[in-house]
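Trainee: Each protein sequence line maps, in turn, to chains A, B and C. Per our numbering, the first sequence starts with residue 1, numbered consecutively. Per our numbering, the second sequence starts with residue 92, numbered consecutively. Per our numbering, the third sequence starts with residue 184, numbered consecutively.
Treat the hints as calculated values from the structure; they're not laboratory data. Since we're looking at a predicted model, the values are computed, not measured. Heads up, a few of these hints could be off.
[Unchecked claim] In silico lysine-lysine, DSS-like type, Cα no more than 27 Å apart, as pairs: (1) K53(A) to K121(B); (2) K174(B) to K319(C); (3) K174(B) to K121(B); (4) K339(C) to K121(B).
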Amino acid sequence: MAATVYILCALTSLACAVMLWRGFVQSRARFLMWSSLCFVALAINNVLLFTDKIVFPNVSDVLGVPFPIWRSVVALIGLALLIYGLIWDAE
Amino acid sequence: MDSHLYEFMLGGLVMGCFVAGLFFLRFWRKTRDRLFAIFALAFWLLGVNWLALAFTEQDEVKTWYYALRLLAFVLILFAIIDKNRAGRRREA
Amino acid sequence: MSVRRVHPLPRCRYIPRLPARRDVAGGTVDSRGRARAGLRSLDDPGISQDVRNLIVERIDSVVQLELLLLLQANAGRAWTAAEVAQELRIEPSWATGQLGELAGRGLLAPAPDAPDAFRYAAQSSALDAAVVQLTKDYAQRRVTVITLIFSKPVDKLRTFADAFRLRKDKP
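Taking the hints into account, I'd like the entire structure generated from these sequences.
Mentor: Shown next, in the form of structure tokens:
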């Protein structure tokens, strides 16, 4: 159940990222680039969640850093990029 | 240390989602395009998901909180489908 | 660098076939509708701010402008998409979309008796005055008006929302 959810979320995120990147390439509007990168990061976050919980449930950290921290860092970077784009490039 | 750091990250994520949602809300008011309202809701739901995780010790998979995440992305999917439906008329 | 498609006009056969003529500011439009700014256009007192706002906020293309002016010139009458399409020589399905867009922007209203016919109905008297002025400006300073329409800055939010449209030819 959870596995399906994480995969679905990852795919949706990836689809958004692709659509927004295509839009960025056509229109050169930078806001679309930042939001595309945010969705890429969210997709990676969901994939990492899937990997962490379903594929490697017994592994608790990678390179000494716990998995949850890795996941959160990725998502945070994505959100930070989105907010940067929202503030500077969205209007 | 680890759980403090993780909770700190979750705090940042919640705040980020809240702010992003606010921006999308403003864009909705400006453009009257339903897509922005749906995105605002979706980001707020993601934020609530991370907020809930900050208050639980349980393993994420065993809670029901991923339903919030699912709902957020389902909303985004709905926004995309809604945008592509034939016969769409501009919001008043 | 790829060409930015500002005004996608698929399936539209409407290409202005105008005699080459000069406008008040010395600009010309050749027979294919290509505009060349005149030397005097830099000194031209130009288009009033109300008309500029009208163009920026509510008009996306020359065809939309012609459609609006057509309905405004025949203000008492309600037009269906088919009638508009025949008059302006555009596709009826596209005309429907354009009529709906202009109606959504407060320039047209659906006719009370025929739901898919529209008539000119500006939201406010200020808007109506701007449209009347735009009619005069279009007659006298066609090149400048067309240049204004084509030089609208990219609406980033609209671009964001449009990025999620899978088929780009829908209105």
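Trainee: It remains to establish, for every hint, whether it holds in the given structure.
Mentor: Hints and how they fare:
Under the criterion of a C-alpha separation no larger than 27 Å, the hint pairing K53(A) with K121(B) is inconsistent with the structure, at around 41 Å. Proximity of K174(B) to K319(C) is assessed by CA-CA distance (about 37 Å); at most 27 Å being required, the pair is judged violated. With a C-alpha separation of about 17 Å, the suggested pairing of K174(B) with K121(B) holds against the 27 Å cut-off. Taking the CA atoms of K339(C) and K121(B), the gap is about 12 Å. The hint holds against a cut of 27 Å.
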